[in-house]
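Participant: Could you slot chain B with the ligands onto chain A? The hints should help.
So the sequence lines, in the order shown, correspond to chains A and B.
Residue numbering for the first sequence is 1 to 211, as defined by the working numbering.
Residue numbering for the second sequence is 1 to 551, as defined by the working numbering.
Derived by calculation from the structure, the hints in this document are not laboratory data.
Predicted model, so just to flag it, every value in this text is computed and none were measured.
Any given hint could turn out to be false.
Unchecked claim - Capping the alpha-carbon separation at 20 Å, the derived lysine to any residue pairs in SDA-like fashion look like this: (1) A:K135 <-> B:A385; (2) B:K171 <-> A:P196; (3) B:K171 <-> A:T195; (4) A:K135 <-> B:D376; (5) A:K135 <-> B:G384; (6) A:K76 <-> B:G384; (7) A:K135 <-> B:G386; (8) B:K171 <-> A:G201; (9) A:K76 <-> B:D389; (10) B:K460 <-> A:G183; (11) A:K76 <-> B:G386; (12) A:K76 <-> B:A385; (13) A:K202 <-> B:R163; (14) A:K202 <-> B:R396; (15) A:K202 <-> B:F322; (16) B:K171 <-> A:P204; (17) A:K202 <-> B:E324; (18) B:K171 <-> A:A203; (19) A:K202 <-> B:D323; (20) B:K171 <-> A:V205; (21) A:K202 <-> B:E166; (22) A:K202 <-> B:A175.
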Amino acid sequence: MSHEDQRRDVLDRRAFLQRGGIYGAGVLVALHLPRPEAARAAAESTAPVVLSQAEWATLEAATARIIPTDREPGAKEANCVNFIDKALANEDAAAVPLYKGGLPALDGVARTRHGKAFVELTPAEQDAVLGDLEKGAAAEWTIGGQLPSPVFFETLRVHTIVGFLADPSYGGNADYAGWRVAGYPGPRHRRGGFTPDQVEGKAPVVPVWER
Amino acid sequence: MAEEYDVCVIGTGAGGGVMIDQLTAAGFRVVALERGGRVGPLDFDDDELKNVIRDQVFSPHQLETYRFDAESDSITGRFSHLAHCVGGTMTHWAAWSWRFRPDDFEVLSKEGPLAGANLADWPISYDELEPFYTKAEQDFGVAGDHTMNPFGAPQKTPLPNPRHPERVSAKKFAAGAKKLGYHPFPVPKAINSRPYGGRPRCMYGGACRAYGCPIHAKATTLSVSLPRAERTKKLDLRIEAMVYELPVDDRGRVTGARYLDAKGNAHEVRARHTIVSAGAIGTPQLLLLSKSNRFPDGLANGSGQVGRNLTFHHHPSVVGVFDEDLRTYAGFESHAAFDDLHASDPKRGFIRGGVVGELNTFTHQPIAYSVVLAGDHRFGSSWGAGLKDRIRAFPRTLTLALIGEEMPMEENGVDLDPEVEDRFGLAVPRVTKRHHENDLAMYEWYEKKLMEVAEAAGAKHVAPGRNPEVHISKTQAQKGNAHNHGTARMGNDPSRSVLDRWCRSHEVPNLWVVDGSFMPTTGGYNPTLTILANAYRVADHFIREAKKGSI
Ligand SMILES: Cc1cc2nc3c(=O)[nH]c(=O)nc-3n(C[C@H](O)[C@H](O)[C@H](O)COP(=O)(O)OP(=O)(O)OC[C@H]3O[C@@H](n4cnc5c(N)ncnc54)[C@H](O)[C@@H]3O)c2cc1C
Ligand code: SF4
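In isolation and in its complexed conformation, chain A is listed as follows (with noise of 0.2 Å):
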């Protein structure tokens, strides 16, 4: 790789960061970003806070599509929307004007092309959409010079992945939906660790969820 290519390696990243969603700068570069403490309490509930009924209800179709439900569960049963939904409460709430305009303008786009509203589109449209948003080709999206959809689809597809897997308390995750997809038997410290044989893989893993 020749300086040019280093060169022009950090401007992508920098471009990159710029519409890098809301832990952008956070997981890609530094695994860090300032943010000040906040309760979890708020999810404790899981009614909407920051979001309508609408914006929920478009908002879980979407995530539903980033990590879909299979044989096992998805974002949907992991209730990642109400992840988001307490986070904008809490630590993220510099993305809330971000899913306020977002999220209608998703909306828009699947009414222009198809004439219902997103929810109510086949998974496979609903793809279509989020694909063209993904790469910034949807020409109905109509709040583009504040907001380039690639923008709001990386924060929305992060924000997802982080509710499927973060500690439940934080509102997804329910019923420990996403750490058992991704075969994570969960946080180990508090409950004494892993014996030896454990890490050796002499001895069974119990998860979390099951003592």
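Facilitator: For chain B with the ligands alone, coordinates are given in the frame of chain A:
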């Protein structure tokens, strides 16, 4: 007039923590100034969102800027992976604990000059540091079996603790390495494999690197050095004390330090000696902030070398998916490594090298794994059914990586950002960093070797971890480097180095620097045992000379 301490130590990380411990034990009255707060076992848990994704625990006020080179614009964020808290960055380190090898101390003599790089010899040899490596290993309870690594540094005293269990992933890695004729061995770890030093045995909780240890089985200056120092009653540790200036008197000696408390109120302490250990990003920032008539370009910077020659390590890596659960969510970051490919060999098209290991950096908890690795669109769509299948591969996925020696370049470094200020109005550190061609050639070569090892180990899908859009990027400068060195080099020539062989400023006789900045070159191993050993060496010298009255 305010009380004068014997010594003021700035920063309580690896270098500073050892100095505080050794000097208080020898009876010196020490004031320690630490910009961060106190965190401890009760704050430490396995919550990936809080610790890793949002990083709310260790460094809440860190801010810096990064640029590729002097011609590029800079971006603002948090690029260095640091911990600004009592105990410094070791608080959430992974505790790989190596001795550098003898040739790491004489890179310039061994390799000759390399165009575009600013190679240097260390002013000390391995033999001089050897007894202090032993001291560091004993105090920090390093566990492992150095006899299994035929290519490691010569070692007179065995490690104080036996090796840890071999994780399933390490067995796979070792089997693959052996198939190719290499000599895998357990990574030496400053983690208790049995109760030691008043601290318990590791419980193999998995969430280890980038997390604090909830039981202090992981040795850090927070768990080893500072408690000892506090018991001597010789330590005045002031937290949330952001040092912004080291004042000098008219003889050109440092008089102590000026700092801002959490509310932004200024304070001053006086001390006969000042030991800076603010890390290789924080130290040049502080020296450059300390401008005076006598030192118009920053304190101890007559050579113009303060803040230059910044090095990290680079980490070519590959990801392999296996058929079985590798238990990467258990244990700690890395259980096995080999050194067969470490030695410098110019025939490979580059000089120097590094150690190769298996690790769970992205595979011990599922969020970072799923966003960064499973969500990597080179492996298919970054969402939908493909993503979900890759999430299912989480416990079967293993990362192999190199700790690659980087070439020091004079133009890479840390200076003061001319535009961006922190919450107190202080200029933040600006990191300028690009790679030397040697780094890039090393990267490519090891990436191929790592692919071979992963395949020999039985991985079904092997892919380079590199992706310009993800953390494990070829141009890693922005990716949250964890190893920082070189910005206040030690050397014998005052026109080419900042510190003398005792890590004392060439220009300011009562100013010392003991964090990673002193290192002229980086070796192909994680650096911290070397930072610790060097601090023991400097402390030993300081105590002897102070007792003789000669400093
Ligand atoms: C996630 C992670 C894993 C790691 N794992 C390993 C490993 O396995 N093995 C290994 O060898 N190394 C590892 N490292 C690197 C290791 O942590 C560092 O090399 C080591 O901590 C550096 O020590 P230091 O004394 O140079 O600086 P630090 O430990 O960073 O200490 C600097 C201290 O100075 C304080 N400070 C800074 N500026 C000021 C100021 N102006 N006023 C007052 N105080 C100030 C900071 O708050 C901090 O406490 C890891 C690092 C990270 C981030
Ligand atoms: S794995 Fe061991 S050393 Fe690491 S945090 Fe857990 S108990 Fe501490």
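Participant: Now tell me if each hint is right for this structure.
Facilitator: Results of checking the hints against the structure:
The straight-line distance between the Cα atoms of A:K135 and B:A385 is roughly 18 Å, inside the 20 Å bound, and the hint therefore holds. This hinted pair checks out: B:K171 and A:P196 have alpha carbons roughly 14 Å apart, not beyond 20 Å. For the hint pairing B:K171 with A:T195, the CA-to-CA distance comes to about 17 Å; that is within 20 Å, so the pair holds. Distance check on the hinted pair: A:K135 and B:D376 sit about 15 Å apart at the alpha-carbon level, within 20 Å; holds.
Using a Cα cut-off of 20 Å, the hinted pair A:K135 and B:G384 holds, with the two alpha carbons roughly 15 Å apart. Only pairs whose Cα atoms come within 20 Å are accepted, and A:K76 paired with B:G384 is accepted, the gap being roughly 13 Å. The hinted pair formed by A:K135 and B:G386 meets the criterion: a straight-line CA distance of about 18 Å does not exceed 20 Å. Of the pairs offered as hints, the one joining B:K171 and A:G201 holds, with about 10 Å between alpha carbons and a cut-off of 20 Å not exceeded.
Our distance criterion of 20 Å between C-alpha atoms is met by A:K76 and B:D389, whose separation comes to about 17 Å. Distance check on the hinted pair: B:K460 and A:G183 sit about 18 Å apart at the alpha-carbon level, within 20 Å; holds. Taken as a hint, the A:K76 and B:G386 pair is honoured in the structure, with Cα atoms around 17 Å apart against an allowance of 20 Å. Between the alpha carbons of A:K76 and B:A385 the distance comes to roughly 14 Å, so the proposed pair stays at or under 20 Å and holds.
Restraint check for A:K202 and B:R163: the C-alpha separation of about 17 Å stays at or below 20 Å, so the hint holds. A hinted pair counts as satisfied when its Cα atoms are at most 20 Å apart, and A:K202 with B:R396 qualifies at roughly 16 Å. With a C-alpha separation of about 18 Å, the suggested pairing of A:K202 with B:F322 holds against the 20 Å cut-off. Taking the CA atoms of B:K171 and A:P204, the gap is near 17 Å; set against the 20 Å cutoff, the hint holds.
Of the pairs offered as hints, the one joining A:K202 and B:E324 holds, with about 13 Å between alpha carbons and a cut-off of 20 Å not exceeded. Restraint check: the Cα-Cα separation between B:K171 and A:A203 comes to about 15 Å, which is no more than 20 Å; the hinted pair holds. For the proposed pair A:K202 and B:D323, the alpha carbon gap of about 17 Å is at most 20 Å, so the pair holds. Note on B:K171 and A:V205: the hinted pairing holds, with a Cα-Cα distance of about 18 Å set against a maximum of 20 Å.
Under the criterion of a C-alpha separation no larger than 20 Å, the hint pairing A:K202 with B:E166 is consistent with the structure, at around 11 Å. A distance of roughly 17 Å separates the Cα atoms of A:K202 and B:A175; the hinted pair therefore holds under the 20 Å criterion.
Hint compliance for this structure: every hint is met.
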